Every structure is written in C-alpha cells, then in structure tokens.
Amino acid sequence: MSTKLAPASLNRRELLFHSGMGLGAAALAAILHDEARAADALAPKARHLPAKAKNCIFLLMEGGPSHIDTFDPKPKLAALHMTKFQKERNKFEANMNTGERYYVRSPFQFRRAGRSGVEINALFENFASVVDDVCFYRGLRAESVNHPTALYHLNTGNQFGGDPALGAWVSYGLGTENRNLPSFVVLPDLAFPQGGPANWSNGFLPAHYQGTPLRPLGAPVLDMTPPEGVSKERQKANLDFLGSLNRMHRPRHPEHAELQARIESYELAFRMQAEMPGIVDLDKEPAATREMYGVGGKDPDVEAIGRRCLLARRLVQSGVRFVQVIVSGWDSHDYIDKAHGARIRAVDKPVAALIADLKRTGLLDETLVVWSGEFGRSPDNGIRRGGEVWGRDHNATAMAVWLAGGGVKAGSIVGATDETGLAAVEAVHPIKDFHVTLLRLLGLDDNRLRYLHAGREKQLSQTGGEVIGELLA
Amino acid sequence: MRALLLSIAGVLLAAAHAEDPSALFTGTILPVLKRDCLGCHGEGQTLSKLDLRSREALLRGGARGPAVQPGKPAESLLLQLISGAGAIQMPPGGPPQRLGRETVDAFARWIEGGAPWPQAAPVSQWTYKEEDLWAFRPVKKPAPGWSIDAMLGARLAAAGIAAAPAAGKRTLIRRITFDLTGLPPSPEEVDAFANDRSPQAYDRLIDRLLDSPRYGERQGRRWLDVARYADSSGYSNDFERPNAWRYRDYVIRALNDDKPYDRFLREQIAGDELFPGDPEAWIATGFLRAGPWEHTGMSVEAVTRQMFLDDVTNGAGVALLGLTLGCARCHDHKFDPIPTRDYYRVQAAFATTEFARPEIGFLARENTSELAAGRARLNAVVKRTQASLGRFDEMARQAAMKKHGVTRAGDLPKDVLAKAVRDKLGVGPAEFEELKLHQKHMQIYRDSLDRFEPKAFAVSSGPIDGATDGGPNLKYPAASEYKAPEVHVLPGGNVQSAAEKVEPGVLSVVARYSRLAEPAIPSGVKGRRGALAQWIASPDNPLTARVMVNRIWQYHFGKGLAADANNFGKMGKKPSHPELLDALASHFVESGWSVKAVHRLILKSDAYRRAGGAASAKDPENALLSFFPPRRLEAEELRDGMLAAAGELSLEGGGPGVFPTINDDVARQPQHRMGSLAPAYRPSPERRQRNRRTVYTFQQRSLADPMVEVFNGANMDVSCERRDSSTLPTQAFALFNGQFAHDRALALADRVSKQAATPAARVALAFRRAFGRAPDAEEKKAALAHYQRMAAHHRAAPPPPPTPPKPVIHAINSELTGESHRFVQPEDPSPYEHDTRPHEVPPETRALADIALALLNSNEFVYVY
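Chains as they are written, first to last, in numbering that gives the first Met the number 0: chain A, 0 to 472; chain B, 0 to 864.
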C-alpha cells in the first residue's frame with residue numbers, strides 16, 4: 000500500500016468540486032487561500048528590499064564575553080590596574096556591581112591583524128586570518144545585566160521573553176528553501192542556555208517558525224526515530240495502516256481541509272526523518288574540511304564547537320534559513336585569564352574555519368554571520384574569593400560584537416567605547432537597532448515585518464528602530 | 000538666543016547616551032504636542048500652515064519654513080519658539096517659556112536625537128471613534144424572551160444562509176464531553192446516550208458533565224492559561240514555587256463549585272484584604288504572582304520591582320478586563336482611551352503588594368495524601384546529596400592537616416578546620432565544579448521540600464514579618480517601618496525618570512462611558528487592592544462580565560463572539576453579535592455570576608448542537624455559525640485522552656505537581672541554573688502518579704513536556720487567550736515515534752487482549768476504546784489484515800530485552816577555568832515502577848499495539864467534530 004499522495008491543493012480542489020456542496024466561487028477561493036496560507040507558511044517569500052544575504056548563522060556567546068579581553072583592548076586599564084574605588088550601593092545598581100571595586104587590566108596579549116590592523120586577543124591565532132572579512136562593532140548597548148533577561152532581549156527583542164526569536168521572524172519573513180528541514184535550527188551546547196527554549200521561541204507567530212534544537216547527543220530532533228526495537232519495516236507498515244485509516248475517514252468530513260494537511264504533515268515528517276541523518280553526518284565531509292574545523296582533533300572543547308560550526312554550514316547549504324550556534328561559558332567573574340583563555344582557544348579555530356569555509360564555497364556572500372554575547376563585561380571587579388583572583392562583572396553598556404558575510408562592511412571597525420571600556424560612546428545604538436539592521440541585511444524591513452497578534456501589530460523591534468548604516472557595505 | 004540653545008545642547012550631549020529619544024518622544028514630547036499644540040496646529044485647523052501631527056509635516060513646516068532640523072536643536076524653529084527667546088513665543092500668552100524649562104530641554108534633546116517619531120501614523124488617528132468604545136459602554140439588557148438561536152438565526156436569515164442540521168448523537172456526546180471535561184466519553188457512555196430516547200437525555204448529559212469533578216480540571220486549565228500558572232519562576236534559576244499547586248487546586252475547586260465569578264475575582268485580586276477569615280481566599284492571591292519573576296545578585300532592585308508591577312498591572316488588565324494595559328506603560332495607549340496616567344494609577348493599587356509565604360493549614364478538601372511519601376522520597380535524595388557534599392569537607396580537612404603537618408584532625412584548632420572547609424581548601428577546579436553542582440542540587444531539593452509544608456504562594460499588603468518571600472537577594476523592611484511607596488508616571492517606562500506623582504485609581508474611561516463611578520481607593524498600605532477588586536468585580540463594570548462570557552463562548556465554538564478574548568480595545572476584533580454578547584453578560588450577572596449557567600445556556604442552543612459543514616460563500620469564516628466548527632484536541636486533551644483510551648488514566652485530583660514520563664532526551668538534557676546545572680528530570684516512580692491528568696503535572700517554565708509543547712501548549716510566560724492548533728511535522732514525530740505514545744498503545748492492546756479472545760473482537764474493542772464506536776466492515780478488514788501481518792512480524796522478531804537506563808551526564812563549561820567538565824548523576828534511589836514493556840506481552844498483543852498506535856495517531860482520534 001502506498002502513502003504517496005498528489006499535492007495538497009490539487010486533492011482538495013478536486014474534492015471540493017466533487018463534494019456537491021454547491022460551494023460558491025468566493026468561498027472556494029477563501030478556503031483555498033486559507034489552506035495555501037497554512038500549507039505554505041514556510042514557502043520562500045519575496046524580500047522587502049534587495050539584499051545579498053539570504054541566510055544567517057548567529058554565533059551566540061552565552062554568558063557575556065568581555066569586549067575588553069577579545070576585540071576592544073584598553074591599555075588605560077594597565078595604568079589603572081588594582082586602583083581601588085567605591086561605587087555607591089543604590090536601587091538602580093545591582094548589588095554585585097557596587098561596593099569596593101578595582102580596575103582590572105586585561106591579562107591577555109593583543110596583536111594587530113588584517114588590513115584594518117584591528118587589535119585582537121593574540122590567542123585568536125586562526126581568527127586573525129579572517130578579520131578582513133569581519134566588521135567589528137563597538138557601539139552596541141544592551142539594557143539588562145541579568146543573563147536570562149539579556150538573552151531574551153538579544154534573541155527576541157523583549158526582556159520578558161515569550162516573544163518570537165529573531166530566527167522565527169526571519170523564517171516568517173523569508174520562508175525556507177528546504178521544506179524537508181526546519182527553517183530555524185539551534186545548535187546548543189549539551190546544556191541549554193539560561194532561560195531555556197524561550198530563547199528560540201516562535202512566540203505568537205505560528206509554530207512553524209519555532210527554532211528546532213538539534214541536540215549534540217541522542218536523536219538530533221526529538222523522536223525523529225522510533226523507540227528501540229521498532230524496525231524501519233514495522234514503522235512503514237504502521238504508517239501505511241494509519242494512511243488507510245485516515246483515507247477511510249476523509250470522506251466523512253469532506254469540507255474539513257485540515258485533515259488533509261495533517262496527513263501531509265506525516266509525509267513531511269518522514270521525509271525529514273530520511274533527510275536529516277545525512278545532513279548531520281559530518282563524516283560526509285572531506286577529512287581536510289573536518290580538520291579545518293577542529294573536528295576529529297585532540298581537543299574536546301574545540302571538537303564540540305567545531306562540530307556545530309561545520310553543521311551550521313551544512314544546514315545553510317541545505318537550505319536552512321537561520322542557524323543559531325550557542326557557545327556557553329563566558330561568564331568570567333573570576334579567573335578571567337584561565338576562563339576566557341580557554342573559551343577563546345576553543346572557539347578560535349572553528350569560527351575562523353566557518354568564515355573561511357563559507358568564503359571558499361561561495362556561501363559567505365549570501366550568508367550573514369553574527370557573533371555576539373548578551374552583554375559585555377566591566378573594566379572593574381569586586382572582591383571575591385579572598386581578592387586573590389580577578390575577572391569582570393556584567394556590563395550592558397558595551398559589548399563584543401562582529402558581523403561578516405553578505406552586505407556587511409568587511410574589514411572595518413565601527414563605533415568605539417570609552418578609554419576604560421565601560422561604555423560605548425560612538426555609533427551608539429540599542430539592541431532594537433541592531434535587530435532592525437540584521438533584518439535589513441537579510442532584505443527585511445522591520446516596519447513591514449509585522450504580525451497581528453491579539454489585536455496588536457507586533458514587530459521584532461517592538462516600537463520601531465533604525466538601521467545602523469555604518470555596518471552596511 | 001543662539002548661545003542659550005547651544006548651551007542646552009551641550010548639557011544634553013552628556014545625557015544623550017543614557018536616553019532613548021524615541022522613548023522621550025512617546026513619554027514627553029507627544030503628550031505636550033497633544034495638550035498644548037494640536038488645538039491650533041493639527042486637529043481642525045493648521046494656523047500658519049503648520050501641522051504638528053506627523054514627523055513629515057513637522058519637517059515640511061509651515062509658513063515660516065521647516066519646524067525641526069533633526070539633530071540640530073539650535074537651528075530648529077520649533078525650539079526657538081517654545082524657548083521664548085525670540086520675538087514670537089509658543090504656545091502664545093503666559094510667561095516666557097510657558098512649557099517650562101524641563102519640557103523645552105526635552106524638546107531639545109529629542110531634536111538632538113534625530114526627532115524620531117516611532118509611530119508613523121498621524122496623531123489624529125489616535126482619537127477615539129464611537130465604534131471603538133463599545134466595550135466601555137454599559138451592557139445592554141436583552142428584550143425578554145431572547146434566545147441565542149433567535150439572535151443567531153436572525154443574522155443567518157438576513158444573510159440567506161441555511162443552518163446545518165443537528166449533529167448525530169455520537170458526535171454530540173464526544174464534542175460536549177471533550178468541551179466540558181477535556182476527556183473522551185467512555186464507549187459505554189456513548190452507547191447509553193445514543194440509545195436514550197428520552198427527551199431529557201441531552202439535559203441529563205449536560206448536568207452530569209457539569210457536575211463531574213473533571214469539569215473543574217478542564218475549565219481550570221483554561222483559567223490557568225489566562226493566569227500564566229507555573230510551578231517555577233522562570234529565568235536563570237527557574238526556582239521552584241513549591242506551594243503554587245495550592246492556587247492551581249483552588250482554581251479547580253472554585254470552578255467545580257461554580258463559585259460566583261465576581262467572588263472568584265475578588266479572592267484572586269484581594270482575598271487577603273476582603274476575606275481575612277477565609278484561608279482559601281488568601282491562597283487565591285497566587286494569581287497576582289503567577290508571572291515569571293526573578294531577583295539575583297546581578298539584578299537591579301528598582302528594575303525587578305518595576306517589572307513585577309508592570310507584570311501584575313498588565314496581567315490583571317489582560318485577564319480580567321480584556322485590555323492590553325501594558326501598551327500605556329511608556330506612552331498614552333496608541334489605540335485605546337487609556338492615558339499613561341491611568342496605567343500608573345492602576346499600578347498604584349498594587350504598589351503595596353508584597354510577596355508573602357504565609358502558613359495556611361491544609362484544607363480538608365486539599366489532597367494531602369501524597370505529602371508524606373513525597374517528603375520521604377525527597378529526603379532520601381537530600382541525604383545522598385549531603386553525603387556527596389561531605390566528601391569535599393573531608394577533602395578540605397585533609398588539606399588543612401597536610402598544610403599544618405598534622406595527622407589527626409583533632410590536632411588542629413576548630414576554627415582552622417572550619418575555615419578550611421569554608422574556603423574549600425585543597426579542592427581543585429574540576430572538583431570545585433562538582434562541589435558547586437551538588438550545592439546547586441542541594442539548594443533545589445531543599446526548596447522542593449517546601450511543597451509538603453502548609454504554606455501559600457501569596458501576597459500581602461506590605462510585608463509580613465517572618466513570612467516574606469522572594470529569595471536571599473531581596474530585603475524587606477520590618478512591617479512596622481514599611482511605608483507605601485510613591486508611584487509616579489514613568490515616561491517611556493523608564494524606572495529612573497519619575498514624572499508626575501499619582502494616587503491609586505482605576506481606568507478613567509470606564510466612569511466616562513459607563514454607569515460605574517470612580518471608586519475611592521485608599522492611599523495607605525492596606526485596602527488598595529480590595530477597592531480595585533470591588534471595582535473590577537462590580538456588576539456595573541462593562542468589561543468584566545463581557546470578557547468572561549466571551550471566553551466561555553470561545554470554549555465551545557473555538558472563537559469568541561469578540562475574537563480577541565484578551566483585547567476588547569480598538570485593535571481587538573469587534574464582536575460579531577454584540578447584542579448576543581451583552582445578553583450573555585446580563586444573564587451571567589443575573590444568574591449570580593454563575594459560569595455554569597452560561598455554559599448551560601450555550602449548550603442547550605441549537606447552534607451548539609449543529610453538525611459540521613462547509614463554509615458558505617457569504618460567510619467564509621463561519622462568523623454566523625451556520626455549522627459547528629471542528630477542532631483539533633488541545634495538548635492536554637490529547638495526552639489525557641490517550642491515557643483514558645488505554646484505560647490508564649488516574650483520576651486522583653490535586654496535590655503537588657506530578658512528573659509524567661516525558662521524552663527521555665529532554666529529561667536527561669542538562670539545564671543551566673545560575674552558576675551550575677539543575678538535577679535531571681525524574682518521572683514520578685509510581686505509574687498512577689505519572690498517569691494523572693496533565694493539569695496536575697509539574698509546570699516548569701524552562702522544561703515543558705515536549706509533547707504538550709509541540710501540540711501548542713500554553714506559553715507559561717504570556718497570558719494565553721486561545722490555544723493555537725498548527726499542524727507540524729514534529730507532532731507526527733511525537734505521536735508516532737514517541738515513547739509515551741508507544742507505551743499507551745501497548746497498554747491499550749494489553750487491556751483489550753485480556754478482555755477479548757479473538758483477533759476480530761480485540762480489534763473491535765480497540766476501535767471502541769479509541770473512537771467510541773465499532774469499526775465498519777472496510778476498517779475491520781484493513782485492521783485484521785494489518786494485525787495478521789504484524790503478528791507474523793512480531794513472532795519472527797522478538798523484542799530486545801530492555802536496556803538499563805542511560806546515565807545522566809552533566810556537562811558544564813566552567814566559569815572559572817573555561818574548561819568543560821562532565822559528571823554522572825546517580826540514579827534516583829526510589830524504585831521505579833515500569834510501564835508495560837514489549838517483552839512482557841505475547842507477539843499478538845504487540846501486533847494489536849501497532850493497530851492501537853495508528854488509532855491514536857488517526858485524524859478521527861485527534862479531531863473533535
């Protein structure tokens with residue numbers, strides 16, 4: 000018995016014409032339109048504006064990487080190192096950010112890289128070779144110094160959470176080019192980030208636009224494979240029997256088009272089940288490519304991130320619209336030398352490989368790559384663990400961000416922070432402008448990318464924002 | 000003049016970075032334009048050809064040229080005129096700089112910031128049209144002798160649309176049973192109703208279902224959707240709310256008792272103030288704290304508090320009044336007649352609302368039967384964790400002995416040993432991560448132990464010494480020193496920019512258009528919420544009854560008469576049958592706010608009993624309800640319905656949340672908690688606990704049951720007015736591949752195999768359990784063919800023996816070293832009662848399970864017609 004069916008709209012049209020319900024042309028059009036809308040929630044859509052990038056890989060550095068110790072060196076801190084000052088406690092400051100404070104110099108060496116001569120942490124040995132493709136942005140300001148609220152803000156535009164993530168908005172705006180795969184894929188660490196799946200929520204948008212996390216262990220998509228002991232043949236036979244049950248049921252409710260859509264969703268699911276294993280199988284890549292990302296090497300931390308970066312490229316190549324790679328562990332309140340050092344060593348090779356590989360395969364032109372934490376870190380530190388160790392606390396007024404790929408002003412540095420790195424002071428923009436800019440780079444206009452929900456036209460920027468023109472080529 | 004402006008601009012530059020000019024516009028500039036300028040330059044007239052209603056018009060300017068040069072306050076005509084420095088002064092008359100120095104400064108900063116005008120619509124669109132005010136007008140009483148069918152019928156007749164015939168009895172009983180109880184009717188109930196020829200059969204069915212305890216569980220879930228109920232707080236720690244379940248059970252009880260809705264609301268808003276002698280009324284105030292909330296060492300206290308106040312103000316507005324009050328937080332509501340000032344007046348009614356966790360003895364009606372066992376089980380886990388932590392203390396003592404060159408701990412002074420333990424002496428970085436993990440687990444387990452204590456997750460007016468709540472980072476003053484905080488309008492919603500001070504109040508629009516006068520709300524610590532509750536729950540409040548009857552209508556027809564159940568403002572859809580909505584609201588109030596009376600009225604209508612049908616060209620959306628709209632089961636109905644079909648559903652009600660079987664990968668998924676990881680998810684060890692109704696499952700914000708989530712479960716952070724029902728391929732994975740579905744299918748097969756002997760009888764019984772009917776000839780033939788085929792397959796391929804559970808691996812990227820560490824979490828010490836497993840049943844039962852799996856996946860099972 001075959002479960003192969005003709006395309007949905009054809010079936011339904013036939014059915015409606017044969018159903019003898021005497022349906023008027025307008026009603027028919029309305030029903031077909033509704034179905035088309037439901038069925039085609041993920042069909043590719045025209046952009047609002049011309050743009051080069053059509054996909055996005057968002058490298059989310061969870062925990063708040065320090066701009067001061069990565070891409071925005073502050074020599075002044077060497078002079079101020081261990082200078083004590085007092086920061087008043089008040090209700091507008093977090094307890095942890097007040098009291099007795101010390102300025103802290105960066106424990107890292109910096110080096111100049113690329114034609115722009117941007118100074119970056121010398122541990123970025125590989126990344127140094129791709130900085131000419133990168134636009135460093137030092138003007139961004141977040142608002143919250145709390146991880147989950149700041150993550151929700153960066154990912155969804157709303158600190159409370161519950162709203163659609165950037166990837167969901169982009170999927171809603173552009174659709175996807177491979178209907179056998181989710182449009183918005185998230186590649187988390189083994190542990191999910193603070194705030195959990197709300198970071199990739201579809202919010203009030205239809206559930207088609209929800210981010211699908213591909214887990215690093217177990218089945219990449221939940222329940223994509225049947226329980227242990229259920230063979231492919233048995234699954235296929237059951238599926239065929241289900242198909243016959245549904246076909247026998249269908250004529251009892253000929254006017255109810257959702258029934259057909261649900262039958263098709265099973266077919267789509269099992270096409271995804273067939274296609275996904277091939278995509279997540281990194282052994283399909285040449286050994287040299289795997290090595291380039293650090294996959295199969297000695298370092299397990301590089302391996303874990305390398306796998307996700309390589310998978311991100313494969314997903315984008317297969318038509319996935321938006322991939323978010325999450326790398327945690329940047330919350331270095333203490334021991335920043337060790338903690339940030341190890342994180343930088345772990346991301347350096349995979350991230351550099353991702354840019355180089357996208358460029359080599361011609362994908363970089365049509366892919367927007369973003370690197371950002373949820374906030375930056377402070378130039379000063381309180382006393383903890385006996386004052387023997389130092390790191391940096393949270394800082395929402397400056398952060399480490401860069402962009403690369405289609406439409407980005409490569410090889411440039413935009414904006415600046417003050418001399419200690421406390422706050423962005425040039426080309427300063429809030430997160431919502433950053434969101435509007437990312438949408439713009441993907442050919443979407445935030446003011447037109449709206450969704451009517453509970454009687455309100457909603458948009459990613461919440462209340463509108465402006466494009467950060469300096470970041471655009 | 001120029002010098003003055005430049006100096007203004009100079010001062011501003013310093014402040015400019017901290018201020019969002021868009022927020023400045025909506026918070027300060029726009030209200031001034033509306034109040035002082037548009038009378039002459041916009042609405043009705045445009046003197047000097049100057050129109051101030053949009054940015055374009057401002058840039059275009061009037062007779063004297065452009066009014067504003069974005070980025071250049073000193074060169075902007077508007078600023079010259081309002082600063083009073085030139086020959087002409089605006090607004091005319093009065094002292095120089097009539098708008099005041101601060102306002103003029105604000106205009107300068109706004110122009111400096113590029114003069115953004117965040118909403119592109121001209122201001123004139125923000126005036127209120129009569130048709131947008133319907134919800135604020137008094138409810139119109141219907142003419143005597145009115146009926147739902149007469150009102151719907153008149154519209155259908157006018158449109159020339161024929162109504163569908165009545166649905167068959169088997170269709171009807173499945174529809175009404177799911178609608179009222181969230182469960183399928185049993186096959187016996189279907190047969191009894193189908194064969195009952197009595198004219199009272201349907202009325203008796205309605206009574207039976209409204210009286211069933213399952214009713215409150217189903218309708219309670221719907222209220223919990225609106226209230227955003229969860230058993231945890233969300234954000235980075237997602238702390239447990241160990242006593243929140245008492246609020247959940249309160250809601251279910253209230254609905255089962257048909258507690259008058261006005262009282263139900265009074266209790267939830269101000270039960271502590273209005274009904275001090277009723278312990279249940281205090282539990283009800285958990286409603287006000289249902290939203291996500293967190294305060295950590297990195298939180299800003301004023302911001303956290305403001306987030307709560309905004310959350311409770313908007314939450315109450317949306318749930319109880321059907322108004323998106325949050326829109327008026329930063330600026331006057333764009334669409335509805337809600338000035339920012341009213342938003343903060345309502346907020347002031349909550350300004351003394353503080354978190355409380357009072358002791359309230361368990362009520363006789365609360366389910367306390369599981370408390371002792373639950374406590375014992377958790378204590379065993381605590382004990383084991385304590386032992387794990389003890390290892391590190393010993394490590395520190397050993398290190399101290401080594402450091403001081405002694406061989407016995409007794410040779411060291413006590414304080415030296417204590418300090419070593421405190422400083423974790425000798426605990427290396429990897430061990431320290433493990434220590435932190437155990438500490439985190441310990442903290443989580445200890446919090447959970449409070450589930451079993453007679454405390455309530457509630458609020459109070461001002462703090463209660465010794466019974467405050469909110470965690471270690473929050474400090475309350477002593478109750479005797481507590482003063483009611485002042486509430487100010489916060490332009491742009493910015494907590495640091497307090498403007499005009501306001502007193503507690505209500506929405507002024509209501510008194511303006513309805514019969515309900517503005518109440519006096521006390522401005523002391525106590526009595527604020529009580530007065531607000533009386534205003535909301537007044538029979539003359541035009542919103543309250545309408546909002547609730549609209550929800551009830553939606554619960555039966557899938558869509559409210561006003562389609563946006565949480566938005567009765569201008570942007571919400573207008574009611575399709577306004578006179579019917581008002582008639583229902585009148586009936587509701589006159590019946591003593593009886594929710595069940597409204598259900599009964601709707602259920603007895605012909606409209607509810609119609610068959611399905613096709614949309615007419617004249618009414619493609621079926622707004623006139625010529626036929627009954629089918630719907631997909633909601634997530635909880637699906638899960639509960641599968642358990643019921645399998646004969647496994649446990650009907651025990653109430654008590655602390657239970658932990659059902661969820662997808663194993665998700666259960667083992669490590670989850671961040673501030674600084675470390677949470678323990679892995681553990682299903683309840685006993686089957687009857689795991690198989691309870693979904694409403695009783697523990698609602699963790701950061702870890703929803705993926706099967707509930709994928710079938711469009713409620714978002715626990717935002718008030719959910721209506722479940723979405725999108726069709727997704729991941730639903731097929733959950734229902735066709737998921738362990739839960741396979742377990743239910745096997746249980747159904749096992750049960751049926753024991754009740755019937757022949758394959759044909761077993762198949763027929765399986766159909767009855769899933770669909771409430773026997774298979775027809777064609778279905779029977781297909782099912783038997785599949786049965787034979789699968790039985791042969793299973794005889795040839797015995798199931799593999801069950802594999803022991805995979806270890807739970809915790810992986811963490813250390814904040815201290817940047818390295819990743821892995822730990823294995825020990826298994827739960829309590830013995831686990833397994834579901835029936837394939838190797839325990841004969842091959843024929845496994846073949847029947849294949850049939851059952853398809854039945855549970857079928858469209859007939861998943862849809863209600």
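A few of these clues could be false.
Restricting the straight-line Cα-Cα distance to at most 27 Å, the calculated cross-link-like pairs of lysine-lysine (DSS-like) are [unchecked claim]: (1) A:Lys-457 x B:Lys-474; (2) B:Lys-474 x A:Lys-235; (3) B:Lys-569 x A:Lys-86; (4) B:Lys-569 x B:Lys-33.
Simulated restraints, written as ranges between beta carbons of each label pair [to be verified]: (5) B:Arg-836 x A:Thr-360: 46 to 52 Å; (6) B:Glu-578 x A:Glu-274: 51 to 57 Å; (7) B:Arg-836 x A:Leu-471: 49 to 55 Å.
Some chain A residues near chain B, calculated using beta-carbon distances under 7 Å [said to hold, decoys possible]: (8) His-47; (9) Thr-82; (10) Gln-85; (11) Glu-142; (12) Val-144; (13) Asn-177; (14) Phe-191; (15) Gln-193; (16) Gly-217; (17) Gly-228; (18) Leu-241; (19) Pro-250; (20) Arg-261; (21) Gly-296; (22) Glu-425; (23) Ala-426.
Treat the hints as calculated values from the structure; they're not laboratory data. In this text the structure is predicted, and so the values were computed from the model without any measurement. Idealized CB from N, CA, C, for every residue including glycine.
Quick rundown of the hints versus the structure:
1. A:Lys-457 x B:Lys-474: Violated, because 37 Å separates the two Cα atoms, which is more than 27 Å.
2. B:Lys-474 x A:Lys-235: 61 Å, violated
3. B:Lys-569 x A:Lys-86: 48 Å, violated
4. B:Lys-569 x B:Lys-33: 20 Å, holds
5. B:Arg-836 x A:Thr-360: 46 to 52 Å: 48 Å, holds
6. B:Glu-578 x A:Glu-274: 51 to 57 Å: 54 Å, holds
7. B:Arg-836 x A:Leu-471: 49 to 55 Å: 59 Å Cβ-Cβ, so the 49 to 55 Å window is violated.
8. His-47: Constraint on His-47 of chain A not satisfied, violated at 15 Å.
9. Thr-82: 23 Å, violated
10. Gln-85: With a closest approach of 18 Å, the Gln-85 of chain A hint is violated.
11. Glu-142: 9 Å, violated
12. Val-144: Result: holds, 5 Å to nearest chain B Cβ.
13. Asn-177: 13 Å, violated
14. Phe-191: 6 Å, holds
15. Gln-193: 4 Å, holds
16. Gly-217: Given a least distance of 4 Å, the restraint on Gly-217 of chain A holds.
17. Gly-228: This interface hint holds because 5 Å falls under the 7 Å limit.
18. Leu-241: 4 Å, holds
19. Pro-250: 11 Å, violated
20. Arg-261: 5 Å, holds
21. Gly-296: Because about 15 Å separates Gly-296 of chain A from the closest Cβ in chain B, which is outside the 7 Å limit, the hint is violated.
22. Glu-425: Check failed: Cβ of Glu-425 of chain A comes no nearer than 10 Å to chain B, outside 7 Å.
23. Ala-426: Since the shortest Cβ distance to chain B is 11 Å, the answer is violated.
The earlier numbered hints that this structure contradicts are 1, 2, 3, 7, 8, 9, 10, 11, 13, 19, 21, 22, 23.
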